[in-house]
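Asks: Once you've looked at the hints, dock chain F against the given chain L.
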Amino acid sequence: MNITLKVWRQKNAQDKGGFKTYPVANVSPDMSFLEMFDVLNEQLLAKGEDPVHFDHDCREGICGMCSMYINGKPHGPKDAVTTCQLHMRSFKDGDSITVEPWRAKAFPVVKDLVTDRSAFDRIIQSGGYISINTGGVPDANEIPIPKKIADQAMDAATCIGCGACVAACKNASAMLFVSAKVSQLAMLPQGQVERKTRAERMVAQMDEEGFGACTNTGACSAECPKEISLENIARLNREFYGAKLKSENV
Amino acid sequence: MSWFTKAMSSNIGKKLIMAFTGLFLILFLVGHVSGNTLLFGTDGGLAFNAYAKFMTTNPAVKILSYITYISILVHVVYSIIVTRTNKTARPVGYEVNAGSTNSSWASRNMGVLGTILLIFLVVHMKGFWYEMHWGEIGTDINGNKDLYGVVAKAYAEWWYVLLYVVSMGFLAFHLSHGFSSAFQTLGLNHKKYTPIIKGVSLGFSILVPAIFAAIPIYMFINS
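Order-wise, the sequence lines are chains L and F. Per this note's numbering, residue 1 is the first one in the first sequence, and the count goes up by one each step. Per this note's numbering, residue 1 is the first one in the second sequence, and the count goes up by one each step.
FYI, nobody ran anything at the bench for these hints, they're computed from the structure. Computed from a predicted model, the values in this text were never measured in an experiment. Positions of the beta carbon are idealized from the N, C-alpha and C atoms, including for glycine. There could be a bad hint or two in this list.
[What the hints assert, rightly or not] Covered stretches of chain L (chain F as the covering partner; in silico rule of three or more C-beta atoms under 8 angstroms from a C-beta of chain F): (1) 66-76; (2) 100-113; (3) 206-220; (4) 227-241.
Just chain F, same shape as in the assembly:
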């Protein structure tokens, strides 16, 4: 297997790992955002709580969630490794550099955007994920853990809502480059399909963060 580890430790191999984990996390976002739309419901969160119970107890979802944790970890670790390589590749920088004329801002700042998103993720998981698993929260009338209550309480604070909305802005920029870039790294660039990938990428990176951001705003207004 030395050929395999050698391939994966090359710069292209490392980027391939970034692409695969990134694309899996994009799939995760699809699931996450669809589930979250239950928060727009008017049933006092009963459907959302049932969904939250399903997501934390179903064995198939459990396997997927472990793959998600591993993907986040690997994506972060490899981004550090690749960034270090890339920094050492240019020990002396330029006095004047017109990067904005040849590339998008997001593409040049993926590391910064990713770091901000990681910090957000820690806050986010402490607020809801940790509470759902190990926190002391009450139950709703169906006997399910009342995660909706936790969410509603958090989104009654304006600064918490602001944190989420701003973070989703960063997510949008991170996705605007990452989505289509992953396909290029996989070697998928074609006159017919690349424009479609770019279009879907743009739509996805606007729509998904927008829905995510709309939830705290909606719940703040209704609180």
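Same shape as in the complex, but just chain L:
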């Protein structure tokens, strides 16, 4: 396959940046999108040019590092996959593909396609944890949890924090991410102690980071590689209202 790539190049956070077009020849349909970028970068290195910087880690679709906005969609045209799990067979020979970084005030571009997503880390630090005394290993069934609840909590917990929801949302809202993180703990007994404070703090931190408000377009869930449901956003709204009405934090 022969592909023409139109890629966002930006030297650093201060640089204005712009698109550059690269032809990539002899692309195998079995390559992942990232492997195709590896081929491009080898070509660029051979010519003595600066390779295109992009985030990646596990390349198994579970770490949440890869983050490319491909032809107007986060993680490309396929549903429920990350960029590393997107293969070139999803494109046609001779295709022209535009690749951009996530665009959000809270995700500033570091270089080329790499963005700083530490805003998500700060949201987690503000309340996305449980405080528990470590000690001996508890019995497996010491805390009974209905299977249905466990499944729902697990569904929310599959969020890998890649930021595709923010990238897809026309308001660059982080509601799907925060709602998944609040939900996975709110539904389980272990998460009850900090339940109210968690919702309050994580929502406050989300606003602080400069993410937009949710207008319920549903783009986030449609583009989420883990298909996190919009039910979580409704739950976050409920958790937030409940916390504000009932918590001790004045």
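Replies: Showing chain F alone in chain L's frame:
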């Protein structure tokens, strides 16, 4: 009360205000459209004029009408605030964006639709609401202000009818997202009830604007 103002000034809080005012305006539409069906009457507008008198003089309706004015104002002001926040959340846009593949057109253009509806509302209120309250209009045989005459005269103009019909199209799109979206913002999403809300939302956003639009067409044909 600082906890309350803090909650309401968060992005979720602002959306909650949008949802509450929006839902109240939906209730208002129910009342408005039911009253308007009197315009289909064949009594020369006597029932409609009596209804218009009741709507402008009854103290309970007066309170409701003030809540409606406030709701419109708050809905508009908060939409501006939220839109500004949302615009600043993405200072650099995308070169290519396939929004149509992941969300409905109405959901992505609520601000534009709302702005058009606001302009329509100004024209609409100048035409009928202002005339009813402060305009110089005659009386019918029952001694009520002849608002029907004002309406009939306005809807004899084809361009006025067209303006109303097109505006109701925009209202339909605005409602098609706003109705169900308000429930999601309130946190009401449930496997049993959300499909019902979505169905009622769709039905409402087609039926109500259709009845509204049918009135000027009906009166134009009869003029």
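Asks: Now tell me, hint by hint, if it's right for this structure.
Replies: Each hint tested on the structure:
1. As drawn, the stretch 66-76 of chain L meets chain F at 4 residues by the rule of a beta-carbon pair under 8 angstroms; at three or more, the given contact holds.
2. For the stretch 100-113 of chain L, the stated coverage by chain F holds: 5 residues have a C-beta nearer than 8 angstroms to a C-beta of that chain, and at least 3 were required.
3. Three residues within the 8 angstroms Cβ limit are the bar, and the stretch 206-220 of chain L against chain F gives 12, so the coverage statement holds.
4. Coverage of the stretch 227-241 of chain L by chain F holds in this model, with 10 residues showing a Cβ closer than 8 angstroms to a Cβ of that chain against a need of three.
Hint compliance for this structure: every hint is met.
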